[in-house]
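Chemist: Go by the hints and put chain B onto chain A.
2 protein chains.
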Amino acid sequence: MRVAHSADEIRRQLQSLRKSQSIAFVPTMGCLHDGHLSLIRKAKALADIVVVSIYVNPLQFGANEDLDKYPRTFEADAKLCAEAGVDFIFHPSTLYGKNGPAITLQAAASLCDCLCGASRPGHFDGVVTVVNILFNIVQPDIAVFGEKDWQQLTVIRRMVSDLHMPVEVVAAETIREKDGLAMSSRNRYLTADDRTAAIAISQALRSMQRLAASGESDIDTLKQEALTILANAGITPEYLDIRHPASLKNRRKLNSLRPARAFIAARVGTARLIDNMPLELTQ
Amino acid sequence: MRVAHSADEIRRQLQSLRKSQSIAFVPTMGCLHDGHLSLIRKAKALADIVVVSIYVNPLQFGANEDLDKYPRTFEADAKLCAEAGVDFIFHPSTLYGKNGPAITLQAAASLCDCLCGASRPGHFDGVVTVVNILFNIVQPDIAVFGEKDWQQLTVIRRMVSDLHMPVEVVAAETIREKDGLAMSSRNRYLTADDRTAAIAISQALRSMQRLAASGESDIDTLKQEALTILANAGITPEYLDIRHPASLKNRRKLNSLRPARAFIAARVGTARLIDNMPLELTQ
Chain A
1 MRVAHSADEI
11 RRQLQSLRKS
21 QSIAFVPTMG
31 CLHDGHLSLI
41 RKAKALADIV
51 VVSIYVNPLQ
61 FGANEDLDKY
71 PRTFEADAKL
81 CAEAGVDFIF
91 HPSTLYGKNG
101 PAITLQAAAS
111 LCDCLCGASR
121 PGHFDGVVTV
131 VNILFNIVQP
141 DIAVFGEKDW
151 QQLTVIRRMV
161 SDLHMPVEVV
171 AAETIREKDG
181 LAMSSRNRYL
191 TADDRTAAIA
201 ISQALRSMQR
211 LAASGESDID
221 TLKQEALTIL
231 ANAGITPEYL
241 DIRHPASLKN
251 RRKLNSLRPA
261 RAFIAARVGT
271 ARLIDNMPLE
281 LTQ
Chain B
1001 MRVAHSADEI
1011 RRQLQSLRKS
1021 QSIAFVPTMG
1031 CLHDGHLSLI
1041 RKAKALADIV
1051 VVSIYVNPLQ
1061 FGANEDLDKY
1071 PRTFEADAKL
1081 CAEAGVDFIF
1091 HPSTLYGKNG
1101 PAITLQAAAS
1111 LCDCLCGASR
1121 PGHFDGVVTV
1131 VNILFNIVQP
1141 DIAVFGEKDW
1151 QQLTVIRRMV
1161 SDLHMPVEVV
1171 AAETIREKDG
1181 LAMSSRNRYL
1191 TADDRTAAIA
1201 ISQALRSMQR
1211 LAASGESDID
1221 TLKQEALTIL
1231 ANAGITPEYL
1241 DIRHPASLKN
1251 RRKLNSLRPA
1261 RAFIAARVGT
1271 ARLIDNMPLE
1281 LTQ
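Sequence lines, in order, name chains A and B. Here the first sequence is numbered in our numbering, starting from 1 and rising by one per residue. Here the second sequence is numbered in our numbering, starting from 1001 and rising by one per residue.
Here chain A stands alone, though its shape is the one from the complex (with noise of 0.2 Å):
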């Protein structure tokens, strides 16, 4: 495994073996977990190389968001991508001088005024400017995202399809824990009995996909069934919302012909915790 710090330096490790190999690309702000090993499995198994990219991108965090305090731990993430057989990790300081880049990406208000993008404005278009960069540095042939950051990969789909970049977007399935709660690597700020907590979160979608498979189309009883659920462990969420899962309008009710897809957003003790489960409505 070869660690590049620069993006001169990655575009010439890569740059013989592209000619004839495929490459699979992880961006990661690091803190590695069993959902980062996941998508690096994916990738694994989709082409000849993979490079993993840990890079904190200061374009995504608000001004009052945990940039300063998100964690790093490099030593242990790359001992972790040495052992899932990583190729190259791409590990630069900085992506852009100290004014940011001059040229930026904005994502259409449709994808970023709802769900996590409501509470965090120019979070996404910090999000798509820097994967966008970090494509442009890599060139791979397919980059994987997980589901859990569903909203992340529905802006991100948009750019490649939208920007007509040649890079196949790759979906990996949330990760989760025995008890269902989803991976991330702010669980670590989890309390014990906030970590008891946390659970009602994944139970409540798990609710409403089943309510849904049962046949209940009404948005409402399905938001109130989550609702109780997470009241009952004592969170109130920041969202609970039902969505197309690639336009995020708005479900006014289930139908079986159109795809929907239920979020949450949580704050558990000190951690601000995302989870999404597609609902499946059967009649």
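In case anyone wonders, no lab produced these hints; they're calculated from the structure. Computed from a predicted model, the values in this text were never measured in an experiment. Yeah, the Cβ is synthetic: ideal placement off N, Cα and C, and Gly gets one too. Some hints could be false.
[To be verified] Negatives, chain A to chain B, calculated, CB over 10 Å:
#: 1; residue: ASN57
#: 2; residue: ASP162
#: 3; residue: ALA172
#: 4; residue: SER185
#: 5; residue: PRO259
[Said to hold, decoys possible] List time: in silico DSS-like cross-link candidates among lysine-lysine, alpha-carbon distance up to 25 Å:
#: 6; chain 1: A; residue 1: LYS249; chain 2: B; residue 2: LYS1098
#: 7; chain 1: B; residue 1: LYS1253; chain 2: B; residue 2: LYS1148
#: 8; chain 1: A; residue 1: LYS148; chain 2: A; residue 2: LYS178
#: 9; chain 1: B; residue 1: LYS1148; chain 2: B; residue 2: LYS1044
#: 10; chain 1: A; residue 1: LYS148; chain 2: A; residue 2: LYS79
#: 11; chain 1: A; residue 1: LYS98; chain 2: B; residue 2: LYS1249
#: 12; chain 1: A; residue 1: LYS148; chain 2: A; residue 2: LYS253
#: 13; chain 1: A; residue 1: LYS19; chain 2: B; residue 2: LYS1019
#: 14; chain 1: A; residue 1: LYS69; chain 2: A; residue 2: LYS98
Modeler: Then chain B, alone, in the frame of chain A:
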């Protein structure tokens, strides 16, 4: 010469060629003239394969601008391309859905709130968005742009450097009529009288060049000279600016250590014409 009408088609045509041959790209809005042909000659000199795109980009036209009446002369353009040795014309009918791309590019205000950008809000955002899309589709090694559209060249250079796009931007000098008028698709709107008056634009720029070369560093003196020449031809410029060629920041005084460039835009008859030249102070 082959003509492709969709992103998939041009990608497919170039796919195997790009493994062993270099590709130079000349994006145009059609209505080709000798200025474009000089870009094509430069492209041919620098790469094995030349791709010319002909696409009138709606994103870079404002609501009150000349999108509908912008000249479309595909047959004549294709003939000129064939004669010039172009290998591929990319002539898409559109590059995105009817609502436009959901992800767009945005240039920093410092690059856009001056010169042509001041009177054309959103114009350069439209330019970089579509050039980004074209670069992603064609994936050229080299892209050639004319110096006549200096602000466009500057914004595209920043896009490539700041987003780390894997393409080299090459600038080509402005091609002029014998009397100095910069070639432009919009020159065809000039009446005979307009055509005579329009010469004053390049004359005003050249007079500033001569004054600077003779040691004049005062911006107001340089501008006054140019304004007089324009006024004598009945032209009141939309702008007459002297700026840093890369940052586009205003210059207060010429300095032999720091580069400067003079820019003029003016409406002559119904045509809006632009031109620019470098100023070099000799002391």
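Chemist: For each hint, tell me whether it holds in the structure or not.
Modeler: Verification of the supplied hints:
With a closest Cβ-Cβ approach of about 14 Å to chain B, A:ASN57 is found to remain outside the 10 Å limit, as its non-interface label requires. A beta-carbon of chain B is positioned within 10 Å of the beta-carbon of A:ASP162; the least distance is around 4 Å. The non-interface label for A:ALA172 is consistent with chain B: the shortest C-beta to C-beta separation is roughly 22 Å, beyond 10 Å. The beta carbon of A:SER185 sits about 26 Å from the closest Cβ of chain B, which is more than 10 Å, so the claim that it is off the interface holds.
For A:PRO259, the condition that its CB be more than 10 Å from all CB atoms of chain B holds, with the nearest at approximately 18 Å. Among the hinted pairs, A:LYS249 with B:LYS1098 is consistent with the structure: their alpha-carbon atoms are about 18 Å apart, no more than 25 Å. Between B:LYS1253 and B:LYS1148 the alpha-carbon distance is near 23 Å, which keeps this suggested pair within the 25 Å criterion. A hinted pair counts as satisfied when its Cα atoms are at most 25 Å apart, and A:LYS148 with A:LYS178 qualifies at roughly 16 Å.
In summary, the hint linking B:LYS1148 to B:LYS1044 is supported, as the alpha carbons are separated by about 20 Å, within the 25 Å threshold. Restraint check for A:LYS148 and A:LYS79: the C-alpha separation of about 24 Å stays at or below 25 Å, so the hint holds. Between A:LYS98 and B:LYS1249, the direct Cα distance comes to roughly 18 Å. Compliance with the 25 Å bound is thereby established for this hinted pair. Using a Cα cut-off of 25 Å, the hinted pair A:LYS148 and A:LYS253 holds, with the two alpha carbons roughly 23 Å apart.
Under the criterion of a C-alpha separation no larger than 25 Å, the hint pairing A:LYS19 with B:LYS1019 is consistent with the structure, at around 8 Å. In summary, the hint linking A:LYS69 to A:LYS98 is supported, as the alpha carbons are separated by about 20 Å, within the 25 Å threshold.
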